[in-house]
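Taken in sequence, the protein lines are chains A and B.
Residue numbering for the first sequence follows full-length UniProt numbering, starting at 1 and increasing by one per position.
Residue numbering for the second sequence follows full-length UniProt numbering, starting at 1 and increasing by one per position.
These aren't lab readings, by the way, just hints derived from the structure by calculation.
Misleading hints may appear alongside valid ones.
[What the hints assert, rightly or not] Straight-line Cα separation of at most 27 Å, DSSO-like style, residue types lysine-lysine; simulated pairs:
#: 1; chain 1: A; residue 1: K141; chain 2: B; residue 2: K257
#: 2; chain 1: A; residue 1: K3; chain 2: B; residue 2: K726
#: 3; chain 1: B; residue 1: K16; chain 2: B; residue 2: K44
#: 4; chain 1: B; residue 1: K352; chain 2: A; residue 2: K44
#: 5; chain 1: B; residue 1: K378; chain 2: B; residue 2: K87
#: 6; chain 1: B; residue 1: K118; chain 2: B; residue 2: K176
#: 7; chain 1: B; residue 1: K329; chain 2: A; residue 2: K129
#: 8; chain 1: B; residue 1: K257; chain 2: B; residue 2: K176
#: 9; chain 1: B; residue 1: K378; chain 2: A; residue 2: K141
#: 10; chain 1: B; residue 1: K87; chain 2: A; residue 2: K43
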Amino acid sequence: MIKFVLMVNRQGQTRLSRYYESVELNRRAALEADVVRCCLSRKKDQCSFVEYKDFRLVYRQYAALYIVVGVTDSENELSIYELVHNFVEVLDKYFSRVVSSGAIMFNLDRVHVILDEMIQNGHIVETNKSRILAPLTAIDKMADG
Amino acid sequence: MALKIVKGSIDRMFDKNLQDLVRGIRNHKEDEAKYISTCIDEIKQELKQDNIAVKANAVCKLTYLQMLGYDVSWAAFNIVEVMSSSKFTYKRIGYLAASQCFHESTDVIMLTTNQIRKDLSSPNQYDTGVALTGLSCFVTPDLARDLANDIMTLMSHTKPYIRKKAVLIMYKVFLKYPESLRPAFPRLKEKLEDPDPGVQSAAVNVICELARRNPKNYLSLAPLFFKLMTSSTNNWVLIKIIKLFGALTPLEPRLGKKLIEPLTNLIHSTSAMSLLYECVNTVIAVLISLSSGMPNHSASIQLCVQKLRILIEDSDQNLKYLGLLAMSKILKTHPKSVQSHKDLILQCLDDKDESIRLRALDLLYGMVSKKNLMEIVKKLMLHVDKAEGTTYRDELLTKIIDICSQSNYQYITNFEWYISILVELTRLEGTRHGHLIASQMLDVAIRVKAIRVFAVAQMATLLDNAHLLTGNMQRNGICEVLYAAAWICGEFSEHLENPMQTLEAMLRPKVATLPGHIQAVYVQNAAKLFATVLKAQEGNTDSTTAQETSQLMIDRLPLFVQSANLEVQERASCILQLVKYIQKLQQKDVEVAEEVNALFAGELNPVAPKAQKKVPVPEGLDLDAWINEPPSESESEDEQPKAIFAKEEPKHSRTRHTEVDEKELARRREARKQEQANNPFYIKASPSSQKVYQDAPGVEHIPVVQIDLSVPLKVPGLPMSDQYVKLEEERRQKERAEKKKKEKKKRKEKRSGRGKKHDSGPESEEDITPAHQVDIVTEEMPENALPSDDDDKDPNDPHKALDIDLDKPLADSEKLPVRSHRAAEAAKSPVEDGETENATSLEPKKKSSKEKREKKKDKDRDRKKSKEEKKKKKHKHEEKEEDLLGGQADEPVVQSEEASEVAAPPTSTSAEVSDLDFWLSNAPVPSNTQEAATVAAAAASEAAAAAEAAPEPEAPAGTAPDSEPDEPKDAEMEETKSSKHKKKKQKKEKEEKEKKKKKKHHHHHHHGDGGGEESVQNGTVEEEEPLPPMSNYCLLAENSYIKMMMEDADQVYDIQGNLQDGSQVVVSVIFENKCDSFLKSMEFNVLDSLNSKLQRPEGSGPHDGLTVPFQLPPGVSNEARFVFTVQSIVMPQKLKGTLTFIVKNEDSSTHEKLDFKLHFTCTSYLITTPCYSDAFAKLLESGDLKGSSVRLEGVNMPFHHLLARICFHHHFSVVERIDSCASMYSRSIQGHHVCLLVKTSAQTVSIDAKCDEPTLLGNVLDEIKQTFSQC
C-alpha cells in the first residue's frame, strides 16, 4: 500500500503532499523533512529505494524535482518506481512541457486531480494516460464553457 | 463611494488566487510567516462572503497553506460549504480540501453524510467520482455504516469509472465498518470478473489487501485468482495476484505446488522487471512454505538464483539492490544455491552505493562456511579500513561479529584468529560498538575454555596499551573493550604470564578518566589479580614480592576511593580495607593466600539471556500472595532501601559460590555434560586433531613463537589476524597431507585385496577440524524451562476485525443499513441502468415473473458457473440429466431489482472447500493446458512444416531496466469479455447429457492425436476431422516442435459499438511445446486480406509479425490472443499465416517455421444474446427480416442435444421450446438479428431462419448443416 506521495524541490520544500494514511498535521512536517533529507542526501549513483523506519521510500528525481513515495513492505518497489514515471509522463502530457515545480504549485488542484485518478486510498487505480486525463479535460471544458 | 470601496476590495480579494498566493510567498522570503498570516486574515474575510466562487477560491488557497503545515481546521465548516456547491468546479475544490484536512475526529464530517450521499447518486459521473475519492481519505465508522449500501450499489454502476472507484473504496469501508464485509463480499467477488480491466484490477487490489491480512478466509478464491493469473496480461494486476498467492501458500502447500510451474513460466517469459521480481519473490516464498519433500524444485530455485544474478549484474542500481534483497530470502532456506555466487556478492561490497553494500553484507552473513569464513572476514576487514563514514563502518563491524558468532560460533575453527580479529577491531576510530566487541570477548573467553590462555594474554596487552584506546576522546565508545579486558584478566588471572605487570597497568592513574562502570570492574579485578599474585608467591620464602603488591594496592586504591562514582568508591574502599588487613597479616608472616583466593573461588557459568524468565513457577507457589502480612504504611519508607540493597547483593557477592557444596557442583557438571552431548553445536574434542596440534614434532610452524617474531605489529604486542589465516591454511594443508598419508597406508594395505579407488576428493566441511580442543560451553537454562515464546498480536490492528468467515451463508439479519426515510429511487437508478445495459437484451421493462426468474437465473448462473463446472467434474459419475430450470430453481436467487438487495446466493461451505480440494488435488499443470484440456479439441490435422535448420544467434530477452509494466490495454478489455463469453459456452456445454461419455471420448482423442496421423498435409483445417463434441479449440497446425490450437474465432467483439470502424475479432491460440528444447522468439504473422487485418502495434508495417509475449519451456503450453479487424462479416474468411520461432538447445539454436490457416466462420461473428419471447415475436412481426430454410436429414440425436449443439457451436440461445419445436436467437457483432425456428420429426430437422442480411444467414445455415453432417 502507498502511504504518501511527496513532491519536493531541491531545497527540500514540499510542493505537493498527499497522505493515504492519516498523519497528524504537526507530525507531517517532521516526517517530510526527514524523508526529504533521506532522499536528497543520496547521490545519483545510489539506488532509488530507501528503507525508512518501518516502511520504504521509492524516489525519483526529475531535474530539480523529487518525487518521493512512501510504501509499505508489501508493495513491489519496481512497480511504484514505474508508477512515479507514469505520473510524471501524465503531468508532462497535461502541462505539455517539462514539469517544473512552479507548474505544479500553480496548478496544485489539477495535479491533485491527476494523482487522485491514479491512486486511491493507497492503491493504484489507473495507469492509462488518456483515461487519467479524461476527468481533467472534462473539468477544463466545464470551466471554459 | 462606500459601495465602490467595498466593490473594489471584493475584486482585489477575488483576484488573489492560488497563483498569486504562491508568488506572494515566494516574494516575501524574509517575512514569510507575517505574509502568510495576513493572507490567512484575507482568507477569513473571503470566507465570510456569500459568493461561493470567492469561498472556493479561499478554500483552494487554504489547501495550499495546509500543505505548508498551517493548521486550517478552523475552516472545516467552510470546506463543507464548498463541497456542497452545485458547481463541479467548486465542489472539486471542496472535496480536495476535505480530503487533505479532514480526519476521523473532524466533527463537521457528520454534517457531510447527506451531501456525500447526494453526490454519490449524482447523474454526473465526475460528481460521484470526486465524492468517492474524497471519501476514501476521510471516511469514518459512521460514514462507512451510513454509506456502505450506497457505495455497494455503485459497484454495479454502468460506468466502469465509477465501478472501479466504488470497489476500491469498499476496502476503507470494510476497515471502518467490518460488518459490511460479508454482505458486500459476493458482489466484490463478482467484480473480479468485471469486463472492465480497471474494475477488475481494483477488485484484485481490494481482495489482495484483505487476504494478505487474513489469508485463510480467502483460500477458496484461489482457483479464481489462479485463472486470473494465467489469463491476465496486465502486469499491475499480475503483481498483485502473485503477491496474494505468496500470502496464501503458507496455509495450503498444495497450492504452492500448483503455482510453481506457471510462475516459472512467467519468469521465463516476462520482460517486465517488476513482474519478474515479484514472481521470483513468490516462488521463493512458495518454496519456503514447501521447504521439504520437494526435491525436484531445485530447478526452480536455480532459475530464481540465475535471474537474480542477472539483476545483480545489471548496471541499474535499483535492480542490483532488489536482486540482493530477494537473494537474501533464498539464502534463508537454500544457502547452497546462493553460496555459489559468492564472487558476485563480494563484488557488490565494492559498490559505490552504500545501500547495496549493506544488502551484500546481509547476504554474506548466510554464506559463510567453515572453509570460507576467514577469507570473507579478511575481505571485510579490508573494507573496514577503507570505509568512509562511521555508519557504514559500524555496520561492517557488527556484521563481522554477527557473521563470526552466528549459530554459536559454528563456523569458527580457530578462536585465536577470532580473538585477534576482535582485538584488531578495537583499533576502529569512533565506533559506537565498543560494547559489542567487549561482549564478544567476554563470551568467547568464558565459553571457550581452550582459548583462555590466549585471550588473557591478548587482554593483558590491551590493558597495557590502554592509552592507545583512550588517548582520543573521540574513541570513547571503544573503551568499553577495556571493561572486558579487565574482567577477563582478573577472572582468568591464573593464565596470566605476568600478573604483576597487568595489575600495575590496571591501577594506573589514567584509569580514573575511564567511565565509572569500567573503573568499578578495574577495581574489582585488581583484587582478583592481587589474590593470584599472593597465591603465586605462596610458599616462596621471599615474601617481598607479595608485600610489594600489597603496597602497590594500598598506594593506588585511594585514587579510586575518591571517585565520584558510587560503585567505584564503594568497591575501592572495601578492597582497600581488605588489602590493609592482609598487609598486616603478611607482616606477621601469616599465610593469607588461601583465604584471599577463597573470595573469588568458584566457576562462572554462562546463563542464557532468557533463563531467568523461563524458570517455571513451582506448583503451589503463588507469586502474588503475601509472604508476610503487608507492612504498615509507616514502616514502608524504612523498608524500601533495604529491599533494593538485598536485591542487588547477589550480583556482586561472589562468595555465594563457595557455599555450594562439592556434591552439588558435581551434579551440575554432570547435567552440563549431558546437555553438551545433546548439543549439535558443541564441538567435541577429537583426539586426532589435538595430536596434530600438539604432537607434531619437527614442524616449524608452531604458532606462538612465530607470531611474535614475524608479525609486524601496529599496536605493540597485538598479533595480526592475517597471520592466523596463514597458519590455519598451513594447518589444514598439513592435516590433509597427513590424512592422505594415512589413506595411502590404508590403501597399501588393501592393495593386495582389490584395487578400489578411494579418492579423498576436495576438502569438505567436515574435514576441517578445529585447531583446538574447543569447548564451547552452552548457556545454561533452568530445568523444565517453559518453551514459551510469546507472540503477541497487536490488539489494535484494524484488520483483526476483518477476520470474518466469508463462506458462511448470509443470514437475513446481515444486511447493510438502508435508509428508510428517503425515497430509494436515487440509489436505485444506477442499478437498473446497469442491468438493462448489461443484459443487452430487447427486454421490455415489464417482465413476467417467469422471465424475471430466468433473468435472475442468468446472473446467478454467470456467477456460479465456474464452480458448478468443477462440481460437475467431481460428480461426473453420478451426473444425470438435470432439468436446467429445476436445478437452478433450487438455488437461492439474487433479488437484484430492489435497492435493499445485498444477499448473494449462499454457498455451502463444505462444497466450497471440497471444490478447492479438488482443484488443488489436480496434478500441477499450468492452467492454460488445463483449460485447454477441458475445452480443447483434438482435431488432429497434422502439419508437417518445412523446417529449415538455420542456426541463429541467441536473441536475448529484453532486460531493459526501464521496462515498464504494461498499461491496461483495450485488448485486455476484450480479453476479459471474451473469457466471459467463453464461459457461457462452457455453460451450454454443461447442459449436454452425455457429458461423461463425451469427455472420455474427448480425452481419448486428445491423447490419440499426438501419435499417428503425421502424414496429413499442411494447411488442413478443423472441418476435415470430426470435432469432438463441444470443444471450441481446434488444431491449427502442428509439427514436431510445436502445436498450435486455435479457439474458433468466435470471440468477436465490437469494442465501442461503433460499427463504422469495422469490428474486431479476438483469436486465442494455444501454443504447446512438444519437443525437449526451449522455444523462444516466437513471431506470429498473418497475410492480411482486404477484409480482415491483424492488428499490429503502432508503427509496425503491414507485413510485420507480432511477437508472442512468452517463451515456451519444454512441455509447456501457453495462450496468446490476437486481435483482427474485420470489415464485412457476411462471408466466411480464411487467412494464411506463419509462425516463426527459435528452437534453443543446450548447444545450438535453430530457426523454425510453421504455416497455418485461420478460418473465420460466419458463426464466429455471432454473439450469444438472450432474447425474450415477446421481443422475439415483435422482431419476427416487424417484417424487416428475410427468410431462408434448410432441412437436415438423418440427424440421430435427441432434440435437446441438437439444440445444445446449435447453441454451443453457433452461438444461439433458445428463446422458447415447446415439445419438438424451438425458437432460437442470435445477434452478429454488427447488430444483425438471426432468428431460427427448429422443428424435428423422425430423423429430419427443419430449420426456418430469418435474418436482416440474407448472405450472412445463408452462410450460417451452411455452417449449421456442416456441423450436423459431421455427426
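Verification of the supplied hints:
A threshold of 27 Å between alpha carbons decides the hint, and for K141 of chain A with K257 of chain B the separation of about 54 Å lies outside it, so the pair is violated. Distance restraint check for K3 of chain A and K726 of chain B: the Cα-Cα separation of roughly 53 Å exceeds the 27 Å cut-off, and the hinted pair is therefore not satisfied. Pair hint K16 of chain B plus K44 of chain B holds up; C-alpha atoms about 13 Å apart against a cutoff of 27 Å. A C-alpha spacing of about 10 Å is found between K352 of chain B and K44 of chain A, which places the hinted pair at or below 27 Å, so the restraint holds.
With a C-alpha separation of about 71 Å, the suggested pair K378 of chain B and K87 of chain B falls outside the 27 Å cut-off, and the hint is violated. For the proposed pair K118 of chain B and K176 of chain B, the alpha carbon gap of about 21 Å is at most 27 Å, so the pair holds. For a cut-off of 27 Å, the pair hint linking K329 of chain B to K129 of chain A is broken: about 36 Å separates their Cα positions. The straight-line distance between the Cα atoms of K257 of chain B and K176 of chain B is roughly 36 Å, outside the 27 Å bound, and the hint therefore fails.
Of the supplied pair hints, the one linking K378 of chain B and K141 of chain A is violated, its CA atoms being roughly 68 Å apart against a limit of 27 Å. For the proposed pair K87 of chain B and K43 of chain A, the alpha carbon gap of about 47 Å is over 27 Å, so the pair is violated.
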